[in-house]
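S.K.: With the numbering used here applied, the sequence shown covers 222 to 680.
No wet-lab data here; the hints were simulated from the structure.
From a predicted model like this one, the values you see are computed outputs, not experimental measurements.
Just to be clear, a hint being listed does not mean it is correct.
Unchecked claim - Label pairs and their in silico Cβ distance ranges:
(1) Asp386 - Gln535: 49 to 55 Å
(2) Gly657 - Gly256: 35 to 41 Å
(3) Leu643 - Thr616: 38 to 44 Å
(4) Glu351 - Asp254: 43 to 49 Å
(5) Asp501 - Gly473: 37 to 43 Å
(6) Pro500 - Gly317: 36 to 42 Å
Using N, Cα and C, we set each Cβ at its ideal position, and we do this for glycine too.
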Amino acid sequence: MTEATTGTKTGARTDAARMDAAPRLPVDRLLDDRGTRIIVCCGAGGVGKTTTAAALGVRAAERGRKVVVLTIDPARRLAQSMGIDSLDNTPRRVKGVDGADGGELHAMMLDMKRTFDEIVEGHADAERAEAILANPFYQSLSAGFAGTQEYMAMEKLGQLRAREDWDLIVVDTPPSRSALDFLDAPKRLGSFLDGKFIRVLMAPAKVGGRAGMKFLNVGMSLMTGTLSKLMGASLLKDVQTFVAAMDTMFGGFRTRADATFRLLQAPGTAFLVVAAPEPDALREAAYFVERLAAEKMPLAGLVLNRVHVSGADQLSAERALAAAENLEEGGIVDQESGNAGLRDSAAETDATDAGAGGGGTEADANAEANAKADANAKADANADADANADVDEITAGLLRLHAERMQVIAREQRTRDRFTSLHPEVAVAEVAALPGDVHDLAGLRAIGERLAAGVPAGA
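Construct the complete structure from the given sequences, taking the supplied hints into account.
M.R.: Following this line, the structure appears as structure tokens:
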């Protein structure tokens, strides 16, 4: 055994030992625990949070839980995979998912503006609510203010939890530049609504009359001039009207944000950080793990998504490449020699002897037959050689593909090891990459099975 081969096998054993030592995430135990009421799937964008949340919902429902999956992903992949034409702000029953003991699955997609409208309608009288909903500044705030989507996700989570219609809520956090926005947005929007800017705008209404307008003009002359240039002269009036109408509701935003934040810290909540086995995604996952610890939020573990695997991992990348090079260079099969060459020589000798034997009609016929046999033999030999060349070329190509796959697996293993070395306490569930995209319930079930795989019974 060569030194390189020995090193490769030793490295594989070391990697396997490291993975065996890492705690595994018991997904089914988490789903079956009736004390778990909320599962939050978070992580960087594009790592499969929506698919993971949907797969968890399907598996939990089929194991007897009454589940609602809340997605904030506008791509509508969740609706398509569950066989629903579209999702909106109202939970919809997913057909084809019937679990034991009355398990059910519902799904919904956050409508940010509609959720904001519901808050206004639920906390203001009809006349004031109508004035707020028609206000241009409110319409802009509810549709596009930074952090509004994340804040409304928290609001909707609080509403779902208060209804008690489901015993498990699975949340797919918003796609954003940073997964941390989901935690920061409630505080950020609450700070805005309770901040100095809003208090200054509220002051004229509280002072009243000309004195109030004089206060406003003196205190905000520079700001209003700048805003008028940037956004139009009517902006200040719209903001003022909005603030006056929302005056009684500002405290409620902060109160609800704080309540939902505490709900996320409660023992019945479990955070799952979803990542791909790539440096950037795992770097963000590590940062999020640290942030959750700092906020004292319960982390269940890491879901490592789209992990590459091989059923022939005993063949290393180095050996596969060496075998491919041998085939391509003709080092294993010599196509220029062999039985075909011997057969050709024998046929030529027979033809020569027959020609020297007298030149009769029978001899001529024999010579002609030998010539045809010789031509056929050569044709067969060439055909065999061409077939062997094609097989060798295909085999070499497959060997190179296998070598590339093994190199990807090794690279993912090194990235995974860096994460586990930083956070050895974090339980991990690995999900092997599927050959295609998930687009139906069968695909979601397959993801659920991969999520739960590898956990020993009773572990």
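S.K.: Which of the listed hints are not met by the structure?
M.R.: Hints that this structure does not satisfy do not exist here, as all of them hold.
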